[in-house]
Structures are given as C-alpha cells and as structure tokens.
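**Q** Chain by chain, the residues run as shown.
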Amino acid sequence: MFVFIIRRLFQTIPVMIGVTLAVFLMMHLIPGDPAQIMAGERADEAQLEQMRENLGLNDPLYQQYFRYVGNAIQGDLGTSIRTDRAVTEEIFTNRIWITFELALYGTVLAVILGLIAGIISATRKYSFSDVSLMIVALFGMSMPNFWLGIMLIYFFSVNLGWFPTIGWESWKHMVLPVLTIGTGGAAIIARMTRSSMLEVLDNDYIRTAYAKGVHDRVVIYKHALRNALVPVVTIVGLQFGTLLGGAVITETVFAINGLGRLVVDSIRMRDFPMVQGTILVCAVLFVVVNFIVDITYRLINKRIELN
Amino acid sequence: MTISNQENILEVRNLCTSFFTDEGEVKAVDGVDFSIEKGKTIGIVGESGSGKSITSLSIMRLVQEPAGKVVDGEIVFKGENLLTKTKKEMRDIRGNKISMIFQEPMTSLNPTLTCGEQIAESLRIHQKLNRKEARVKAIEMLKLVGIPSPEKRVKQYPFELSGGMRQRVMIAIALACNPELLIADEPTTALDVTIQAQILELIKKLQEELGTSLMIITHDLGVVAEMCDRVAVMYCGKVVEYADVKTIFTDPKHPYTIGLLNSVPRHDLKVEGELSVIKGSVPSPFELPSGCRFVTRCPHAREICHRELPALETKEDGNQVRCWIHTDQWEKQAEAVSTHE
Ligand SMILES: Nc1ncnc2c1ncn2[C@@H]1O[C@H](COP(=O)(O)OP(=O)(O)OP(=O)(O)O)[C@@H](O)[C@H]1O
Ligand code: SF4
Ligand SMILES: [Mg+2]
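Going down the list, the protein sequences come from chains A and B. Under the UniProt record's numbering, the letters of the first sequence match residues 1 to 307, in that order. Under the UniProt record's numbering, the letters of the second sequence match residues 1 to 341, in that order.
FYI, nobody ran anything at the bench for these hints, they're computed from the structure. Please note: incorrect hints may appear among the correct ones.
As the list claims (entries may be wrong) - Derived DMTMM-like pairs: lysine to aspartate or glutamate, alpha-carbon spacing no greater than 25 Å straight-line: (1) A:Lys125 x B:Glu23; (2) B:Lys85 x A:Asp216; (3) B:Lys87 x A:Asp130; (4) B:Lys155 x A:Asp204; (5) B:Lys88 x A:Asp294; (6) A:Lys125 x B:Asp192; (7) A:Lys222 x B:Glu65; (8) B:Lys97 x A:Asp130; (9) A:Lys222 x B:Glu104; (10) A:Lys125 x B:Glu65; (11) B:Lys87 x A:Asp202; (12) B:Lys315 x B:Asp244; (13) B:Lys78 x B:Asp92; (14) B:Lys128 x A:Asp216; (15) A:Lys222 x B:Glu89.
As the structure is a computational prediction, the values presented were derived from the model and not from experiment.
Whenever a hint applies, use it, and build me the whole structure from the sequences.
**A** Following this line, the structure appears as structure tokens:
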C-alpha cells in the first residue's frame, strides 16, 4: 500500500507539469500582448515596456515558466490586477471554501440519492419504481445545470417562496444550488449502482448467502452492496471533479461568491493573474481528489484485485 | 400416492419446476419423485441439463423467481411441506436444517468477507451466537474440515485460499449449524482429481460423524459408487431409474443408465468424455419427444416409445424404472426400426 501511494504520488508529477504549463501558456497563447491587455487600451509604449519589465515578459519563455512554477510552489500566484490583493489571499480566504462546500454537499447529495435510487431499482428490476426511477435519472443526466438552476429558482423561490434565490449564507441558501449541482451526479450514480448491483446479484456467492438463510435485506446491503460499490467509488471521485467544473455555472446562476464565479468575473475584467491562479488551484484540487479516490478505491478493491 | 415414511428425512413428490422464457416454458424438472432416508445418501446423476441443480434449488426454494417457479408437487421435509412455508420459515431452515454446497468454490464465497465472517454468519443467524462465540466456533469448524492453522485462516479472504481450501470453507459453512440434510451439487467437479478424493472423503467422514443425510449431485459414477446408498438417474427433467446403488451397478434396467455405465468402464478412474458411448445428444428443452424422452438416443426404441411416455414402474424390490422394456406391453410391441442406425 505504501509503495502504491508513493508510485501514485509520482504519477501526479507529469500531470502537474502539464497543468502548470497549460495555465502558464494560456497567457501567451491568447491573441494580443499580455502587457497590453493588463495595462489597458490607453497605456503608452513606455508604460507597456515598464509592464513587460515588471512581469518579466522580456525574459526567455522557459525562464518565465520556471519562475512561475517556483513562485507557485511558494504560494505566490501573483497579484490581482482588479483588487491589487494577492491571488492566493483572494482565493483562500473565502472563495475556495464556498466552492468546496458546494461541491462536497453536491457530491454527498448525489451519493445518497444515487445509491438509494440505484438499490431500489436493482432490487425491483423492471418494476414500476425501477422504470420510473431510471427515466427520472435519464432526465437528471441530460438536464443542463443552468436550466435546472433557473427552473428550481422559478418554482421554489419565485413561485413558492421557500428558498432565497441568491447567496450562500444559511442552509436555506444552500438547498437549491446543491440540488442543482448534485442532480446530474445522482443520476449517474443511480444508473451505475443499478447496473453494478444487478451484476453482483447474479453472482454465486449471493446464492450462497441465501442458502445460509440470510435475510434478503442483509444479502442486499452486506453481501451485494459492498461488492457493487467498487465501480461506484470511481464515479463518485470523477463526479466530485465534474462538480468543481459545474460550480462555475451554478455559482453564476445563484450569484454565489465561490471560485467559479471568481473565474468568470476575472475573465470579464481581464484579471489574468487571477484567472491563472484560480484555474491552477482548481486543477490541483482535482488532482488531489483523484489521488484520494484512487487510494480509497485501492483500499476497497485490494481483495478483489488480487483475486 | 406415497405414504409418508417416518424414516425419510426428505420426500420429493411429483416436483415440477419450470422456467418461463421468451421462447416458451422450459420444464427443467418434470414430475420428480425420490426420498432420502435419515442418515443415508442419495445420488442424483444425469447429463448436463437434466435438471439436477434445479431439483436441489427447488428443495431449498432458491429457484430464481419470477423466471423460474415450482409449479407443482410437494417437498416434504420431516413431515412438513416446504412449498407451503413462509419466507421466514424457509430462512430458518436454510443453512440450519438443510444446507447446500455448490459446484463453484472459486465464486461461491463472498470476496469482500473473510472466511471466518462467512462461517460465523450462519452461526449468528441460527444459533444466535455473539461475535466472539461465533468466531470461536468458526475456528472449530475450520479445524473440523481439515484446514491447517485455522486461527490464521479465519482472518483470510477467499482469494487467499486455493480451490480445495475454499471448498472446505464451503463445507464448514454448510455444516456449521449441524444440518439434518446436506445437499452437495457437484462439490468436486471444479477441483483437481487428488483434491476431489480428499473433499469426498471429508464429506463422507463428517456425514458419518454428524449423522447428516446427504443428497449428492454428480456426473461421476465413481462418486456414486463411493458415497451413495440409493441413486436417482435423471434425464430431461425426469427420473428414469431409481434404485439402490448395488442394483444400479450390477443390474441396471434403463437403457440410459446402461449407457452411462458403459461409458465408464472403470469407475475408479475419471474418464474424459464419459458419455461418448451414448449416441446423439440431449434434446433441446423446447423439442422434447412426445413419448419417452430418451427415444432419440435409445438403441431399443420401438413404436410405442415414440408414442407414449412410460410410467415410473415400481418393481418388487422397490426399485423403479421408467422404460417400456420393463412392462408387459413390450413383448406385444412389434419391433420398430431403431431410430438411429
Ligand atoms: N434461468 C434459467 N432459465 C431458463 N432455463 C433454465 C434456467 N436455469 C436452468 N434452466 C433449464 O433447466 C434445465 C436444467 O438445468 P440444471 O441446472 O438443473 O441442469 P443440471 O442437471 O444441474 O446440469 P449440470 O450438470 O450442467 O449442472 C436446463 O436444461 C436449462 O434449460
Ligand atoms: S421406453 Fe423405449 S425409448 Fe425409452 S428407454 Fe425404454 S426402450 Fe428406450
Ligand atoms: Mg447443475
């Protein structure tokens, strides 16, 4: 296991290099002069030159890259053009936790709903509840977040007045955004759980369990679910990553001041260090989550894998 | 029709189990009768698809519904019909009064539970032992089935054990609650020849020690000779011959039984392709002959065999056979052209 963790840790290195490279190059690949963009339309040549010098844009590209990475490792992602605060400060004081919360609750919701629906479906194959749940899941999967968010606001906030439309303060604020962001995942997990469960229920050891006189419920939760969860865990991990992406839209719809909204706002304001910083942090977060998932998966799967 | 016999632990009467598929009804078990005397061993033999496993699953009431269903008959265990039992009553019987060992030791154990947990489970359900007591008993069971260093094995997962060891664990699970009837569905088919002998010996030894009645399903007539008191030969969902083991080997009546025996010249040796002597193959369950089911492969078939299904006739010695040859009708029949020569 220790060896596995170390090996897995080394595997993240190329990913991290790729991510930093992409984020770094982003600034150079977009059309136009970064200095021009940052300094604004009305800057004169002297100001621009000054800007380039400040940003180190006159150095060779690889030097710039190493400097960028070096700074990033030390926790310096530059200074926001818009607010003049350090990018890391902006990201870590508040924003990232809001997004993290949103994605976490979304994942938890997706897992709970998805598992329940999947188990019900699998244990009542082709019944009315199975068919209707799977139809709902299909809708849940194909519904775009922005549309779902707007519909939820329309029904529950505007029409029924149950929940506030925007913000992220009390649990009441959280209900609709979490629903919005969790639904797609719930649908995917439900379908995954169902198929995985059906496959497991066909196994010989399930018959053995019944032959021992084990109660149906125990067969399902103890004997089948444990084995059925193995592929589901991977999906959950991926789901968490997808949710970080989904946060951009959900945060925009519900005007939540998380990372996603920060990216959108920063792009609009041409706040490049901020955009770079946020994307980099998100990417790192994604890599970390995947790392954790892989280890969890390995822990559950160890026994089967060697089989 | 049969009067319940106190000596019999199990009586299967006119058992009919069908599968309802898209192509139609498959009568996997079609009117099967046999019984098991207390402490005795019955062997069920027959080619693949003859309904042996479905018979045993029907007894356990484990036929997968809704595709499959016991449609008729009685399964009388200790004087009570299992087919009228509730789900709860059946759970109390399974793994407790009647246990089962399956053919596939590699897949019949749960990969995510330790061997100890899997043995302890039945003990906790049926004997209401607590975790610790169940563990102690599980180790005892592992010792009983001849697994070395049981204290270590009890914590291991199935993948850490060989096929033979796993089958021993299966036996430990099955015998944990000291059942009155043990059903073993081809318990050794998937194992190496040397391991096969060991497992059979183990089953036999434990059966004698614990006084368990045994129903053993097998392809292997060597196993029958070794283990059984009575034998039911099945073909296409029906019992074609039902006799004591001595008669089966010395004076078999049914052409199918004779074919089976001829294909294994020496039962102490495992012979590949043991059914090569019987010509042809088992008919599809959708195209069963209307008369005797064996008519498409029988070297003695006459006209009546095509027309009418023979009944299972009981002889003076209590043995039964389902064949026109052994009826008064036979001599009256004009010799028909054999179907396949
Ligand atoms: N799930 C099912 N759906 C449809 N038919 C089935 C099903 N299970 C079994 N059958 C039918 O029941 C018949 C008897 O099957 P069974 O498993 O009892 O055979 P068997 O005698 O145990 O054979 P084997 O020696 O291969 O184990 C088969 O011919 C098969 O067509
Ligand atoms: S009844 Fe006829 S076909 Fe069937 S086994 Fe006897 S002789 Fe052969
Ligand atoms: Mg079978």
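**Q** Next, verify each hint and record whether it holds.
**A** A quick look at each hint next to the structure:
1. At most 25 Å may separate the alpha-carbon atoms for a hinted pair to count; Lys125 of chain A and Glu23 of chain B meet this at roughly 21 Å.
2. Straight-line distance between C-alpha atoms of Lys85 of chain B and Asp216 of chain A comes to about 16 Å, which keeps the hinted pair within the 25 Å bound.
3. For the proposed pair Lys87 of chain B and Asp130 of chain A, the alpha carbon gap of about 23 Å is at most 25 Å, so the pair holds.
4. Restraint check for Lys155 of chain B and Asp204 of chain A: the C-alpha separation of about 21 Å stays at or below 25 Å, so the hint holds.
5. The suggested pairing of Lys88 of chain B with Asp294 of chain A is violated, with an alpha-carbon distance near 41 Å, which exceeds 25 Å.
6. Restraint check for Lys125 of chain A and Asp192 of chain B: the C-alpha separation of about 38 Å exceeds 25 Å, so the hint is violated.
7. Pair hint Lys222 of chain A plus Glu65 of chain B holds up; C-alpha atoms about 21 Å apart against a cutoff of 25 Å.
8. For the given pair, Lys97 of chain B sits about 35 Å from Asp130 of chain A by alpha-carbon distance, which is inconsistent with the 25 Å threshold.
9. Between Lys222 of chain A and Glu104 of chain B the alpha-carbon distance is near 21 Å, which keeps this suggested pair within the 25 Å criterion.
10. Taking the CA atoms of Lys125 of chain A and Glu65 of chain B, the gap is near 12 Å; set against the 25 Å cutoff, the hint holds.
11. Proposed proximity of Lys87 of chain B and Asp202 of chain A is supported: the alpha carbons are some 20 Å apart, at most 25 Å.
12. For the hint pairing Lys315 of chain B with Asp244 of chain B, the CA-to-CA distance comes to about 12 Å; that is within 25 Å, so the pair holds.
13. Restraint check: the Cα-Cα separation between Lys78 of chain B and Asp92 of chain B comes to about 14 Å, which is no more than 25 Å; the hinted pair holds.
14. Restraint check for Lys128 of chain B and Asp216 of chain A: the C-alpha separation of about 18 Å stays at or below 25 Å, so the hint holds.
15. Between the alpha carbons of Lys222 of chain A and Glu89 of chain B the distance comes to roughly 21 Å, so the proposed pair stays at or under 25 Å and holds.
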